[in-house]
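Novice: Sequence:
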Amino acid sequence: SRVEAAHLLFRGDLDAVDGAGFRTFLAAQSAGFTARFLVYADLRDRGFYLAPDRQPWWSDSGDGDFVVFPRGKGPDDGAVKHRVRVVDERTTLPEAELDDVVLAVVDEESELTYLDIDPTEPSGETDFDAPAGVQGVLLDERVLVWDPPGRLHEQGFYGQPLGGRAAEYDALQLSLLEAAYLAAQGVLQLGDADVEAVVDRGRAGEGDHFDRRLRVYRALRDADMVPKTGFKFGADFRVYSDVESVDDLGHSELLVRALPGGHEFSPRDLSLDVRLAHGVRKRMVFALDDPSADTIRWLSVSRLTP
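In the UniProt record's numbering, the protein residues as written are 1 to 306.
These are calculated hints, taken from the structure and not from any lab test.
Please note that the accuracy of each hint is not assured.
Unchecked claim - Below, simulated EDC-like cross-link-like pairs (lysine to aspartate or glutamate); rule was C-alpha separation at most 16 Å, straight line:
#, residue 1, residue 2
1, K232, E253
2, K81, D118
3, K81, D99
4, K282, D242
5, K81, D60
6, K228, D208
7, K282, D116
8, K81, D127
9, K228, E154
Please construct the entire structure, taking both the sequences and the accompanying hints into account.
Specialist: Here's what the structure looks like:
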């Protein structure tokens, strides 16, 4: 392939291609070739054998630029370590084009960042059945539950207690998302209000994004996970996979951002979110919500060092 030829010219293992040396050969290529060459050369320097992700170099061709084989392996061994797509930092990436692939992002200074895109499905181990007959009242941007069942917060990790230990009243503050979910489950009664009143209150502040976050929240709870606000981390949710007791609470494992189906990513935004998640020892997950199909597509994104 041309990129292999360019690499051989660059290394001095090949003198010329049709009379052209490395500089002339590189300058004659189409847009995007230089970025592919940089990624190819980097992965070869790391000890990998790779081939263009198309026939005749690779029979099971896909939408990537390269297939990378495990060290010591090649095309005849049938094993693929990574399928790599090369992009620059200004490339727009529709979510439908992101599947099980490694993005090799070439920035404006020709430095490389590898992002591993992995389709996933949320699954936790939180075993909690909410008590029935919980009474609450809708106040501003939250629902207050007076004299709540202790296990609603202590085991289910719903809400936030009102005040500290010296508080005169025993009350639990539920977010609008928590309240809407519990009301829809028949756990929470709101007097003269109902689920729609809670949802309308959320829409008044967030518009359609509240509905999107509610669908993602519901999917996470239904998958035995516990989503809590991710505001401090710049995400929609931080998510715990296994909660037995608030008194023995571990760290959340995921940061989740709820996005509309068809969302177009930029490598810069992906890198920012992934870097933030990595810095707090969490995994970044994007929930792509398509209400018309009643589906949520989950993409886990992490930094990769090949």
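Novice: Does D242 sit within 16 Å of K282, going by the straight-line distance between their CA atoms?
Specialist: Cα-Cα ~15 Å, so holds.
Novice: Could you grab the alpha-carbon distance between K81 and D118 and see if it respects the 16 Å cut-off?
Specialist: With a Cα-Cα distance of about 13 Å, the restraint between K81 and D118 holds, given a limit of 16 Å.
Novice: Is it true that the CA of K232 sits at most 16 Å from the CA of E253?
Specialist: holds, 15 Å
Novice: Verify the proposed pairing of K282 with D116, using a straight-line Cα cut of 16 Å.
Specialist: The hint holds at about 15 Å.
Novice: Are K81 and D99 close enough, with their CA atoms no more than 16 Å apart?
Specialist: holds, 15 Å
Novice: Given the hint that K81 pairs with D127, does the C-alpha gap stay at or below 16 Å?
Specialist: violated, 36 Å
Novice: Is the straight-line distance between the alpha-carbon of K228 and that of E154 16 Å or less?
Specialist: Holds, at roughly 14 Å.
Novice: For the pair supplied as a hint, K81 and D60, is the alpha-carbon distance within the 16 Å limit?
Specialist: holds, 14 Å
Novice: Keeping to a limit of 16 Å between CA atoms, is the pair of K228 and D208 held or broken?
Specialist: Violated, at roughly 19 Å.
Hints 6, 8 from the earlier list are contradicted by this structure; the remaining hints agree with it.
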